[in-house]
Amino acid sequence: MPAVSMTVNGKAVTGDVEARTLLVQFLRENLRLTGTHVGCDTSQCGACVVHIDGIAAKSCTTLALQCEGAKVTTIEGLAEPNGPLHPMQEAFRENHGLQCGFCTPGMIMAALDIVRRRGNDLDEHTIREQLDGNICRCTGYHNIVKAIAAGAKAMAKGGAHQAAE
Amino acid sequence: MYNFTFHRPTTVRQAAGLLARNPEAKLLAGGHSLLPVMKLRLANPSALIDLSLVEGLSGVEQKGRSIVIGAMTRHADAANSPVLQQVLPGLASVPASIGDPQVRNRGTIGGSIANNDPNADYPAACLGLGATIITNKRRIAADDFFTGMFSTALEEGEIIAKVSFPIAKKAAYEKFKHPASGFALVGVFVSKRGADIRVAVTGAGASGVFRVKSFEEALKKRFAAKSLEGMTIPASGMNSDIHASAEYRAHLVGVLARRALVKATA
Ligand SMILES: Cc1cc2nc3c(=O)[nH]c(=O)nc-3n(C[C@H](O)[C@H](O)[C@H](O)COP(=O)(O)OP(=O)(O)OC[C@H]3O[C@@H](n4cnc5c(N)ncnc54)[C@H](O)[C@@H]3O)c2cc1C
Ligand code: FES
Ligand code: FES
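So the sequence lines, in the order shown, correspond to chains V and D.
Using numbering that gives the first Met the number 0, you'd call the opening residue of the first sequence number 0 and step up by one each time.
Using numbering that gives the first Met the number 0, you'd call the opening residue of the second sequence number 0 and step up by one each time.
Some clues are possibly wrong.
[Claimed, not checked] Derived lysine to aspartate or glutamate pairs resembling EDC-like cross-links, with alpha carbons at most 16 Å apart: (1) Lys136/D with Asp116/D; (2) Lys191/D with Glu215/D; (3) Lys191/D with Glu216/D; (4) Lys176/D with Glu128/V; (5) Lys25/D with Asp49/D; (6) Lys38/D with Asp40/V; (7) Lys38/D with Glu17/V; (8) Lys145/V with Glu93/V; (9) Lys145/V with Glu123/V; (10) Lys220/D with Asp195/D; (11) Lys212/D with Asp195/D; (12) Lys176/D with Asp131/V.
No wet-lab data here; the hints were simulated from the structure.
All chains should be built: construct the whole structure from the sequences, respecting the hints.
Following this line, the structure appears as structure tokens:
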């Protein structure tokens, strides 16, 4: 089996994987990082969004081997263990931006990518447009949109423009 | 997904060699068309040849009166290219309209046109601007490149290196997005460069992207939405599925062509 090595949440990791192993499988099954979810078979729901070299991508539509040498950040990489939540996570909690929570890791990773591309002052229209690739079956999006606007602002205050990358 | 062997060449020559040695191999660009169909077991390549480490395949450049986009240029990078936004904003709006942000972060122009999905956006831009597709072997005019649904003039072992688009003074794209997938239910690209007038349609035709000669003729008098007032195209040859009937698609072609003309002449 081919070997793969990459940096996940700041740690160097390696593994032997079949070529067909998706990045999301490698994260969940080899590394036991089960915060990244799989919600569909058609690359449409966004539950699996992680950052590859700082850019949001669907880990269900990326092979682990395509990430050889890359820096990958997952939802587990945003806050220190037992430390305070990342401002975007805190904003989801504060604004009740989740119900069942299945979509939430993907939403938060996508939200950070919106901040990367569009800055910290986000209007509702921009957020809704930019969430095109993330589906939530519970909330009706209203509080997710509020949470992202608030999280983006809080990141500017805390000087945290990005995830942990 | 069935298993395969995985290769990461660093030059086009190496990639071509790998293709020649593995008859059932496929090139891998962004993977956002190929991996989904492999997951559904609708494609079963013996090997994937990842182009992401091949040097010189990505970037957007102006070369004289053309814009040249490298095959591995991601949709987001093409959409945000300052030079493209400045000299040919109608073309920049095409990758900006594709899928969702995560898809645009991975998908590439080379993968999109090699795949030639009948609802894809870039084929309309290539045909609508009279682009030239440059491969490791030759140059192919867009008019000869798209040969039907999911089919192109690419030969075995042929690799797209870049696509050259002439800079048209007037150019615009209008798309009626499928609300779930983001693909074009119908999309129309219009352009005018001197006497060369083009109207290219994606999403509607049962055999993929096509030009509307009757509209192009009518636009010769005046390149404006008014010239197409009341014009439609026949529903025969249009795609019909649960999302839209052939008649509806034919109707949209006229509506979107007029909207694109308003944009192109604004
Ligand atoms: C959820 C979702 C929504 C989407 N929405 C849209 C949309 O609205 N509009 C749209 O147009 N597209 C859409 N797409 C498709 C997306 O744009 C794809 O990324 C694109 O069509 C294929 O590009 P790729 O780089 O991912 O190619 P890949 O999937 O890697 O490859 C596609 C095909 O092209 C071949 N190929 C790749 N590169 C080359 C090359 N340089 N030379 C020769 N052959 C090559 C491969 O062998 C393969 O057969 C969507 C995809 C998804 C998953
Ligand atoms: S699991 Fe990746 S998009 Fe749905
Ligand atoms: S909170 Fe349940 S899917 Fe979004």
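(message) Hint by hint, where does the structure go against what was stated? Just the numbers, ascending.
(response) 1
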